[in-house]
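Q: Quick note, the sequences are listed as chains A and B, same order. Under UniProt numbering, think of the first position of the first sequence as 1, with each following residue one higher. Under UniProt numbering, think of the first position of the second sequence as 1, with each following residue one higher.
Hints were generated in silico from the structure; no laboratory data involved. Note that the Cβ used here is the ideal one computed from N, Cα and C, for glycine as well. Some clues are possibly wrong.
Below, simulated SDA-like cross-link-like pairs (lysine to any residue); rule was C-alpha separation at most 25 Å, straight line [stated by the list, open to error]:
| # | chain 1 | residue 1 | chain 2 | residue 2 |
| --- | --- | --- | --- | --- |
| 1 | A | LYS365 | B | PRO284 |
| 2 | B | LYS365 | A | MET333 |
| 3 | B | LYS24 | A | VAL361 |
| 4 | A | LYS365 | B | MET377 |
| 5 | B | LYS365 | A | SER375 |
| 6 | A | LYS160 | B | MET377 |
| 7 | A | LYS365 | B | VAL361 |
| 8 | A | LYS365 | B | GLY181 |
| 9 | A | LYS365 | B | LEU360 |
| 10 | B | LYS365 | A | VAL46 |
| 11 | A | LYS177 | B | GLY181 |
| 12 | A | LYS365 | B | LEU366 |
| 13 | A | LYS365 | B | ALA357 |
| 14 | B | LYS160 | A | ASP325 |
| 15 | B | LYS365 | A | LYS177 |
| 16 | B | LYS160 | A | GLN121 |
| 17 | A | LYS365 | B | ILE373 |
| 18 | B | LYS177 | A | LEU360 |
| 19 | B | LYS177 | A | ALA54 |
| 20 | B | LYS177 | A | GLY367 |
| 21 | B | LYS148 | B | PRO368 |
| 22 | A | LYS177 | B | GLN345 |
| 23 | B | LYS102 | A | ILE128 |
A short list of chain A residues far from chain B (calculated; beta carbon distances all over 10 Å) [as the list claims (entries may be wrong)]:
| # | residue |
| --- | --- |
| 24 | ARG17 |
| 25 | LYS53 |
| 26 | ALA116 |
| 27 | ARG124 |
| 28 | LEU171 |
| 29 | ASP209 |
| 30 | GLN345 |
| 31 | LEU374 |
Stretch-level coverage of chain B by chain A, calculated; a stretch enters the list once three of its residues show a Cβ under 8 Å from a Cβ in chain A [claimed, not checked]:
| # | stretch |
| --- | --- |
| 32 | 162 to 169 |
| 33 | 175 to 181 |
Number of protein chains: 2
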Amino acid sequence: MSLNISWSVLDTQMMSRAIQLARKGFYTTRPNPSVGCVIVKDNQIVGEGYHQKAGEPHAEVHALRMAGEHARGATAYVTLEPCSHYGRTPPCALALINIGVKRVVVAVEDPNPQVAGRGIQMLRDAGIEVDVGLHRDEAYALNLGFMKRMESGLPRVTVKLAASLDGKTALSNGVSKWITGPESRRDVQRLRLRSCALVTGIETILVDDPSLNVRYQELGGIKDSVTEAQLLQPLRVILDSRARLPLSAACLAVVSPILLVSTVAYPAKFQAQLPSHVSCLVLPAIAGRVSLPELLSYLGQSCNHVLVEAGATLAGAFLAQGLADELVLYQAMKILGGQGRNLLQLPDYQTMAQIPALMLVDERKLGPDTRLILSVMLDTSLIN
Amino acid sequence: MSLNISWSVLDTQMMSRAIQLARKGFYTTRPNPSVGCVIVKDNQIVGEGYHQKAGEPHAEVHALRMAGEHARGATAYVTLEPCSHYGRTPPCALALINIGVKRVVVAVEDPNPQVAGRGIQMLRDAGIEVDVGLHRDEAYALNLGFMKRMESGLPRVTVKLAASLDGKTALSNGVSKWITGPESRRDVQRLRLRSCALVTGIETILVDDPSLNVRYQELGGIKDSVTEAQLLQPLRVILDSRARLPLSAACLAVVSPILLVSTVAYPAKFQAQLPSHVSCLVLPAIAGRVSLPELLSYLGQSCNHVLVEAGATLAGAFLAQGLADELVLYQAMKILGGQGRNLLQLPDYQTMAQIPALMLVDERKLGPDTRLILSVMLDTSLIN
C-alpha cells in the first residue's frame, strides 16, 4: 500500500516528529506501545502528544486536546494505527472522527487483535483519507516487544551476556568481579528498564545474590526523560524448579513484584513466609526444569519484552530452544583462559549448520568494553 | 632532543613522504628494517628511494643515486638513522658525507648495536647539521619487530587467534571449518607475509595438516606492491618435542625452509628422510616441552617478527609466559556453546590481577568477522 504513495516533505517531517515524541514514552508506557501523534493544519503543528503511561490518555488524545478546534479539517500523523476498541480509554479512531480531522497518516498498523486494521477501517468508513506506511520500519522498531506479543502471544526475549574475549564469565573459582566495566553495568540498567520482566535462575540467586532491580541513580542520561516516580520496575522472575530460594535472598528485600516459578508447588509453610510482593507459579517441567515455552506463553499475557539475565545453562537453553530474539553481549578486552567458566551451555552440536544463526545489528564501545547486539535469525531451526 | 626543534612545514611533509616510501618495502626488506629517504634541494625533491630487499642498496643510496650532483648542499630526510658500519653495503652516513649534503633529518635512531647513534655522530663530526625525532613514533611503528630485536635480542611475537563470540575454536568433535570467513583467512596471509617466522605445534600439524606458506594469489591488495618474485616465505617453525612429525605432512611438500624443533634429537634415519629444506634443532625442555624463551632467543638472531599460529596450549603458553607482544583475534559473530574447544589454555588464575593485561589498539570488520588487535601490556608480570 505504502509503495503507491509519494509522501510530501511535510508528511515525512511530521511523521519524524511523531516518532520523536513516541520515543519519549519508550521507558514508561509498557505494557502499552510507545506512540506519538502530531496534528497539522495549514502547514502548522496545532497539536502534538505521546502516550506516557498505561491507563493514561493515548497520544492522539493528548494531541487533539492541544489542537482543540484547530483539529477540524487537519491532518493527524500517528506512529501506530489508532485504536478502535474501548479499553481503559475510548477508541482514538472515534475521537479523530468526532473532531473532524480530514486526513490521518499512520506509520504502521496495530497488530493487536482488537485493532488489526479496524481503526483504519473506522476512519475510512467515516470518510477520512487514511495513508499508511510512512516511516513504517522506524515506527515498528519502536515497539518490537509489543509487536511480537500482539502477533504471536509471546514476548520478545533478549538474552544479556557478559564475557571475556575468550568467552569466559568467571575464573575457575567463580571470581567474576569485575570482568566488564562500570559503563557496561550501567547499560544493563537500561536493558532492565525497557523490559517488562527479568528472568533468572535460582543458581544465579544462590551464587551472586543480585537484587535484580532498576536503580534510578545508575540510569545516566535516561534520568533526563524518566523521573524517579515514573520508574517502572520489571517483574522479577526466578526459575526455581526445586524450590531452593532462601528467605535471605537480597531480591526479596526489594519491595517490587517477584514471580517464583517452580515445577512443584512450594510447601505452604514456606509460601506463608514469603513477603506479599512475591507470587508463586507452578509450570510444567521439561527434563526436570521449568518449561520455557510455557513460561513465555504465561509472560506473553502481559509482557512485551523479557530480559534473560542468567547463567550459562538457562541463557543457553533460551538460545538453543530458539526462544531468544536477541543477544546483547558485553565483551571485555580480557582473556581469562580455558579454565574459566563458559558463557553459554548449548547442545553438543556436530556440524556448523546446527549452531544458532546470528546477525550483528549494532556494535559500540562502552568504556573499555564493546557491546554487541545480535539478532537471532529465525530461518535456522535449531536441532535439540 | 626533538622537543627543542620546531619543524617546518617542508620538514614534516618531506618526512611523511619518506615514511610513505619506507612502507613500500614493508613486506620485502626483512630481516632488515623498512627505510625511506627523500633528498630536498631548494624546496624541491631531487632524489628519493626506499630499501627494497636485504643485500640490496639502502634507502639513502637509492635517493642519492637519483639526486646525483643535486645532493650537494641538500637536506636528506631519512626514516631511520643512517648506518655507520660496513655490512653487505658500505655505511650510508659516509655516502651522505661524501656527496656533501648539508643537513640530515632523522625520524628515529637505529637501536642496532652496530649503529646506535654512531651514524648520527659520524654526520655531525663531518659538520653536517642533524635533527632527530620528526615523526618518530610513525617511523618506529614501521619496524616494531626490528626495533624489538635490536633492543632485546628477541623477536616481536604476534599470536594469531580465531574464535567464536564465546571463545571457541571448534565444535567438540573438532569441526572448525569454517568459523571465520574468507576475508579473515586472507588477512592471515598478510600476517604471515610480514613475519620472518611462523611458529606452530606438532598437534596443529597432526590435526589440521596446514602448509603454513604464503599463497600469492590470496594476498589481495598487497599484490599491487609485492610481485610474486619478491615474495618472502617465512621460516616455518614446528615445535615437536617428541619427534612425531609424519613424513606425509603437507608442509613438507612446500619447498621453503622448515625448522623442526625438538627436545631430543630426531633419529638419524628419520632425519635422513627429510627433504633438504628441513633443518632440525634441539632446544632445552621445560616441563617436557620446548623452552619458548630459548626458542625466541634462537629466532632473535635473524627474525624480527614471529607469528604464532598454534592451538590453545602453545598459543596460551606464549601469552602466559609473557612472551607475546600482540594478539590478533579474528572473531566470528557465532556462538558454538560451552562444549566447543577453548581458545587459549592459561594457568588456573585465582584473581583478576593475574590475567594478562591487554589493550585494544585496532578493531575492524573483515567481511562477517571482526578483527581485534590487542597489545599485551608488559607492566603486569604474569604469575605462572
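Q: Each hint: holds or not?
A: Hints versus structure:
The suggested pairing of LYS365 of chain A with PRO284 of chain B is violated, with an alpha-carbon distance near 44 Å, which exceeds 25 Å. With a C-alpha separation of about 17 Å, the suggested pairing of LYS365 of chain B with MET333 of chain A holds against the 25 Å cut-off. For the suggested pair LYS24 of chain B and VAL361 of chain A, the alpha carbons sit about 37 Å apart, so the restraint of at most 25 Å is broken. Proximity of LYS365 of chain A to MET377 of chain B is assessed by CA-CA distance (about 20 Å); at most 25 Å being required, the pair is judged to hold.
Of the pairs offered as hints, the one joining LYS365 of chain B and SER375 of chain A holds, with about 18 Å between alpha carbons and a cut-off of 25 Å not exceeded. Of the pairs offered as hints, the one joining LYS160 of chain A and MET377 of chain B is violated, with about 29 Å between alpha carbons and a cut-off of 25 Å exceeded. This hinted pair checks out: LYS365 of chain A and VAL361 of chain B have alpha carbons roughly 13 Å apart, not beyond 25 Å. For the proposed pair LYS365 of chain A and GLY181 of chain B, the alpha carbon gap of about 23 Å is at most 25 Å, so the pair holds.
Simply put, LYS365 of chain A and LEU360 of chain B have alpha-carbon atoms about 11 Å apart, close enough for the 25 Å limit, and the pair holds. About 47 Å separates the Cα atoms of LYS365 of chain B and VAL46 of chain A, which puts this hinted pair outside 25 Å; it is violated. With a CA separation close to 34 Å, the supplied pair LYS177 of chain A and GLY181 of chain B exceeds the 25 Å bound. Annotation: proposed proximity of LYS365 of chain A to LEU366 of chain B holds, straight-line Cα distance about 18 Å (limit 25 Å).
Between the alpha carbons of LYS365 of chain A and ALA357 of chain B the distance comes to roughly 18 Å, so the proposed pair stays at or under 25 Å and holds. The straight-line distance between the Cα atoms of LYS160 of chain B and ASP325 of chain A is roughly 32 Å, outside the 25 Å bound, and the hint therefore fails. At most 25 Å may separate the alpha-carbon atoms for a hinted pair to count; LYS365 of chain B and LYS177 of chain A exceed this at roughly 30 Å. Annotation: proposed proximity of LYS160 of chain B to GLN121 of chain A is violated, straight-line Cα distance about 61 Å (limit 25 Å).
Distance check on the hinted pair: LYS365 of chain A and ILE373 of chain B sit about 15 Å apart at the alpha-carbon level, within 25 Å; holds. With a C-alpha separation of about 20 Å, the suggested pairing of LYS177 of chain B with LEU360 of chain A holds against the 25 Å cut-off. Straight-line distance between C-alpha atoms of LYS177 of chain B and ALA54 of chain A comes to about 51 Å, which puts the hinted pair past the 25 Å bound. Between LYS177 of chain B and GLY367 of chain A, the direct Cα distance comes to roughly 34 Å. Violation of the 25 Å bound is thereby established for this hinted pair.
Taken as a hint, the LYS148 of chain B and PRO368 of chain B pair is broken in the structure, with Cα atoms around 34 Å apart against an allowance of 25 Å. Between LYS177 of chain A and GLN345 of chain B, the direct Cα distance comes to roughly 21 Å. Compliance with the 25 Å bound is thereby established for this hinted pair. The straight-line distance between the Cα atoms of LYS102 of chain B and ILE128 of chain A is roughly 86 Å, outside the 25 Å bound, and the hint therefore fails. Against the 10 Å criterion, ARG17 of chain A stays outside the reach of chain B, whose nearest CB is about 34 Å from its own CB.
Here LYS53 of chain A stays apart from chain B, with its beta-carbon at least about 37 Å from theirs, past the 10 Å limit. The claim that ALA116 of chain A lies off the interface holds: its Cβ sits roughly 35 Å from the closest Cβ of chain B, which is beyond the 10 Å cut-off. Every beta carbon of chain B lies more than 10 Å from that of ARG124 of chain A, the smallest distance being close to 45 Å; the non-interface claim holds. The claim that LEU171 of chain A is not at the interface with chain B is violated, since a C-beta of that chain comes within 10 Å of its own (minimum 5 Å).
Chain B leaves ASP209 of chain A outside its interface by the beta-carbon criterion, the shortest separation being 20 Å against a cut-off of 10 Å. Look at GLN345 of chain A: its CB is around 5 Å from the nearest CB on chain B, not clear of 10 Å, so calling it non-interface is violated. At roughly 6 Å, the least C-beta separation between LEU374 of chain A and chain B is not larger than 10 Å, which violates its mark as non-interface. Three residues within the 8 Å Cβ limit are the bar, and the stretch 162 to 169 of chain B against chain A gives 6, so the coverage statement holds.
Using a Cβ-Cβ cut-off of 8 Å, 4 residues of the stretch 175 to 181 of chain B lie near chain A, which meets the minimum of three, so the contact claim holds.
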